[in-house]
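Chains A, B and C are the protein sequences, given in the same order.
Residue 182 in the working numbering sits at position 182 of the first sequence; the count goes up by one each step and never skips.
Residue 744 in the working numbering sits at position 433 of the second sequence; the count goes up by one each step and never skips.
Residue 1025 in the working numbering sits at position 263 of the third sequence; the count goes up by one each step and never skips.
Please keep in mind that the hints were generated in silico from the structure rather than gathered at the bench.
There's no promise every hint is true.
What the hints assert, rightly or not - The calculated DMTMM-like cross-link candidates involving lysine to aspartate or glutamate, where the alpha carbons are at most 25 Å apart (straight line), are:
1) A:62 - B:445
2) B:615 - C:821
3) B:514 - A:162
4) B:566 - A:162
5) B:554 - B:755
6) B:391 - B:427
7) A:62 - B:548
8) B:514 - C:824
9) B:367 - C:842
10) B:391 - C:846
11) A:62 - B:424
12) A:198 - C:1047
13) A:62 - B:743
14) B:367 - C:1004
15) A:121 - C:1047
16) A:62 - B:550
17) B:615 - C:846
18) B:592 - C:824
19) A:117 - A:202
20) B:592 - C:821
21) A:198 - B:755
22) B:367 - C:846
23) A:198 - C:785
24) A:117 - B:757
25) B:554 - B:743
26) A:218 - C:785
27) C:783 - A:202
28) B:592 - A:211
29) C:783 - A:211
30) B:391 - C:1004
31) A:117 - C:1047
32) A:117 - C:785
33) A:62 - B:451
34) C:783 - A:206
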Amino acid sequence: MSQGTLSSPVAPAVVSPQSTLRRLARRNSTVAFLLTLPLILLVLGLVVYPFFYALYLATLNKRMTRFIGWDNFTFLFGRQTFWDVVFQSVLFAVSAVVLKALIGFILAHVLHALPAKGQRKWRGMLLVPWVIPPAISTLAWWWLFDPSYSAFNWALMGIGVDPVPWLGTSGWARFSVILVNVWYGSPFFMIMYLAALKSVPDQLYEAAAIDGATGWQKLRFVTFPMMRNIISITVLFSLIVTFANFDIVRILTNGGPLDSTHVFATYAFQVGIQSGDIPLGATISLFMFPLLAVFAIFILRGVNRRNKEMA
Amino acid sequence: MEGNGISRRGVLRAGALGVAASTLPLVNVHGQSSGGRLALGLWDHWVPAGNDAMRKIVMDWGQKNRVEIQLDFITSVGSKNLLTIAAESQARQGHDMLSFPTWEVHSKSNLLEPLDDVMGRLQEKYGGLNPITEYLAKVEGTWRAVPAISGSQNKPAIGRFDLLKQHAGLDVQAMYPAADKAGPGADEWNWDRFLKAAESMQKAGTPFGLPVGQFPDATDWIGSLFQSFGATLVNKDGDITAKSDSVRQVLDYAKRLCAFLPNDVFSWDDASNNRALISGKSALIFNPPSAWAVAQRDAPDVAKQCWTFPAPAGSNGRFTPYLPYFWGVWSFSRNKGAAKALIEHLSQREQAQAMVAASNGYDIPPFDSMTDFDTWRTEGPPQGVVYNYPVRPHHNAKQFVACNPAPPAMAVQMYNQSIQAKMIARVSQNNESIDSAIRWAEQELEGFQRG
Amino acid sequence: MSATAATSTYTPVERKQGSLKRERRWAMIGAYIALAVFVVFFMMPPFHMLMTSLKSSGEIADLSGNPWLVSAPTLQNYWELMTEGNYLIHFRNSIIVTACTVAITMVISTLAAFALARMKFWGSTTLATGVFLTYLVPETLLFIPMFQIIGGLGLYNNLWAMVLIFPTMTVPFCTWIMIGYFASIPKELDEAALIDGAGHLQMLWKIFIPVALPGILAAMIFAFTVSWAAFIYPIAFLVSSDQMVLTVGIVSDLIRADTFQWGKIMAGALMAALPPLLVYAFLMDYYIAGLTAGATKG
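Using the sequences plus the hints, can you model the full thing?
Here it is in structure tokens:
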């Protein structure tokens, strides 16, 4: 692929300044198109096409033999379980992302304040949750929550506290799912913020200090504006990924107890793969798109604009 | 795309010659030609020895018949096997023959090769078949898969006879000895007695470990509980019958029972109950002998005190939870002949016996004539621990799959979304009224009715 | 710590400075307390994993012992993983898939990011936004149609299907990191190059890639992490044990129905975390530098 694009822009002979300019313009967009072609092909072939195919699937009946239009959608709108899933997905995604962003922000600041030598060691330890493949670290959490073998409950009992049904009641199960999510995702925020913090020129802080700015004011008027882009991108990315998360809920609770921890992905899996209603499963998964799209476009516009201003 | 002609002829011969043929090479005329390639996806057995025994049987068969075998063991953990079935049915490629769990034969029936010929010969030879397999694998009068030996399981009670005797006054070894007779107390082994025992065991600090979550172990015992109260949510015509006195009774009973269970059973999965037994925290679970076998490895003192016995009876009878697997052949397979021949070979008594032995008695063959293997008598310690694991005539029990007799297209949704367990959780964990739980269930069931 | 030491040698002249110093010290102590709290929270499960991986299955099942400590440490779980079963094959497969994914991702997103950052053309903004929006289409929706695509290509149950699919998870974010990075390179540089008669690709190769190396490393590390940890696609598309990557291999091979080989699962997970840990340990500073100049400008 790269070979083809590499050979294309062989410069033609220059004739006159006018036509060269025009040709340059033309060539510019051709080259640009060729350079983005692999990306476009990837997105069209492996995301857009399957997406539209899934849209089509969502209009079929259970055995995928008949076109039923919007029936799958209207059916879902009438189900209490579906609305519970919507609520829970939003609850998990928002609370987990807020906590991750907060913890990441605190840690990044604390790390940034440390001298360079000690920083590396702490940074390494704080990154561990992010490097263990989450499907497996969630298994480890699950084992820590196990009713018979819970090492947490063992420790709690050691200090005289009653064992906690980590995954057994709706409230605790929701808490546990969010906890694992936060545990896994915080280091990512930390590292993104740390990078952003390092990009803020020291002169700005010095200038602020001369103006007599307090710590809070520095944060509010120097750090925050400088980090706006990375915060938006990280939050957006994490929100999408958390919203679509499958492994954690699937492994910890499988949606239980009483569907109180089901999110879109796990509910779609249960309906589509386990109960053999693939079109309905696809319909459920489709709802993630409009819910986030507005938000995403809004954020990306802003980031794009700021990028342009800078360029 | 039709199956390889040679092995196809081989199948016919195998059928004609009966049991002898399966041990003879099927392809003996054209000695040089190969029987082709056969890709198998079989259930990943919990006993490592189970996989090895299966591999040996399959490889020997392949060698004899000059069929090149590719064998994958596909785990049911995380529904990997369901994903595989969905993937292959969409991709129209993958394995030639797969292990299909409980409900998948119906949902994929239009992509499965009819196996009436194989079933016909097997039934002729081995006689009666458990009717649940027919409910699950015979679609519109045609067998779309053959009930498998490997992986098919019962889930009777397995409990600590020492604790039950000491705290609940139940001598389960005397009630159900390792012999074809019921002992004293067996005729009173019903859900009321069970409730009393549950209460005593909770007081003794080793409560019954009955999951009420959204996993098969929970669904299976609860399905049998409902059935033994005569409580059906959907009848065989697909009509919702949830609003009935028997459903109310069973929910009322379950609520009282749950009061004596650990408070987090609503989230237990298929392994939680095993661990509860193995760790010594629980006196009774409903499970195949896997729990006992692991205890033998990790907690031998617990294992020595375990005993398997039938589930309690209710007013409608005694029902042992049963979860069968099936062997099916994709219609897009390129070697259907060989696949069918192999399925027939695997279903023979010799192979069944070998598999039962290798799996410590875990596997339950579908034919009534195959419940007399020695393994169930000899496994131990304690010797005879799994004697009552297959359903014996003196149990007066039937094997039962939860949600039967609802039409399978509905039953699969009821089963996988654990509708009965959720009803119980609503009344006992959420303290909803029984009628409101039934109303909720009716709504869900209406959703399952759509085609 | 050297920072506190440095401030303490400084003699305060005014009272205000003294309180500033005290404030500084309290801030530092607070910082270490916060760090310690989070390190405990973050390291608790990995520590428990390490302890469990050193236990025999009998000790794991034994409830009387302390679950946080190991009484008779054994390396047997590690040894069995290395000598029996397919763990090493899964490890190799993970390396192959990840290396190929990273390479493909870098080629696609470097080229695209260069074009999108430097050349205004019809639809370039839409494309940049649209690329990120692909994340909105969840894997759980995509894998069903993908069964047919992958099946049509004859790649079902084949390692190489992962190399084909994984870039959909890595390319968008990497492209975004690099658009930001390329945008931050001064325009004067390319004007100078254009005057020297360099073509666009020469410009990319001779100027952008060397200058943007930290950003490229940051994108590479991201791609590495994502494809190393991928779970849904491998579990949906890989069935044969010899084709599996680590994440699905551990889950499929070490859990037998309702029997978990916890010791080996933990040992396998810890060893699976090693390559990313090494990558981060060695490339972390580049990573941060890369992100710093990349998407972070605002």
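These are the hints, each one checked on the structure:
| no. | hint | in the structure |
| --- | --- | --- |
| 1 | A:62 - B:445 | 23 Å, holds |
| 2 | B:615 - C:821 | 18 Å, holds |
| 3 | B:514 - A:162 | 17 Å, holds |
| 4 | B:566 - A:162 | 24 Å, holds |
| 5 | B:554 - B:755 | 13 Å, holds |
| 6 | B:391 - B:427 | 28 Å, violated |
| 7 | A:62 - B:548 | 18 Å, holds |
| 8 | B:514 - C:824 | 23 Å, holds |
| 9 | B:367 - C:842 | 23 Å, holds |
| 10 | B:391 - C:846 | 23 Å, holds |
| 11 | A:62 - B:424 | 21 Å, holds |
| 12 | A:198 - C:1047 | 11 Å, holds |
| 13 | A:62 - B:743 | 32 Å, violated |
| 14 | B:367 - C:1004 | 19 Å, holds |
| 15 | A:121 - C:1047 | 12 Å, holds |
| 16 | A:62 - B:550 | 19 Å, holds |
| 17 | B:615 - C:846 | 30 Å, violated |
| 18 | B:592 - C:824 | 11 Å, holds |
| 19 | A:117 - A:202 | 19 Å, holds |
| 20 | B:592 - C:821 | 16 Å, holds |
| 21 | A:198 - B:755 | 54 Å, violated |
| 22 | B:367 - C:846 | 18 Å, holds |
| 23 | A:198 - C:785 | 23 Å, holds |
| 24 | A:117 - B:757 | 65 Å, violated |
| 25 | B:554 - B:743 | 16 Å, holds |
| 26 | A:218 - C:785 | 16 Å, holds |
| 27 | C:783 - A:202 | 20 Å, holds |
| 28 | B:592 - A:211 | 67 Å, violated |
| 29 | C:783 - A:211 | 19 Å, holds |
| 30 | B:391 - C:1004 | 16 Å, holds |
| 31 | A:117 - C:1047 | 12 Å, holds |
| 32 | A:117 - C:785 | 22 Å, holds |
| 33 | A:62 - B:451 | 18 Å, holds |
| 34 | C:783 - A:206 | 17 Å, holds |
Against the hints set out earlier in the document, violations occur for numbers 6, 13, 17, 21, 24 and 28.
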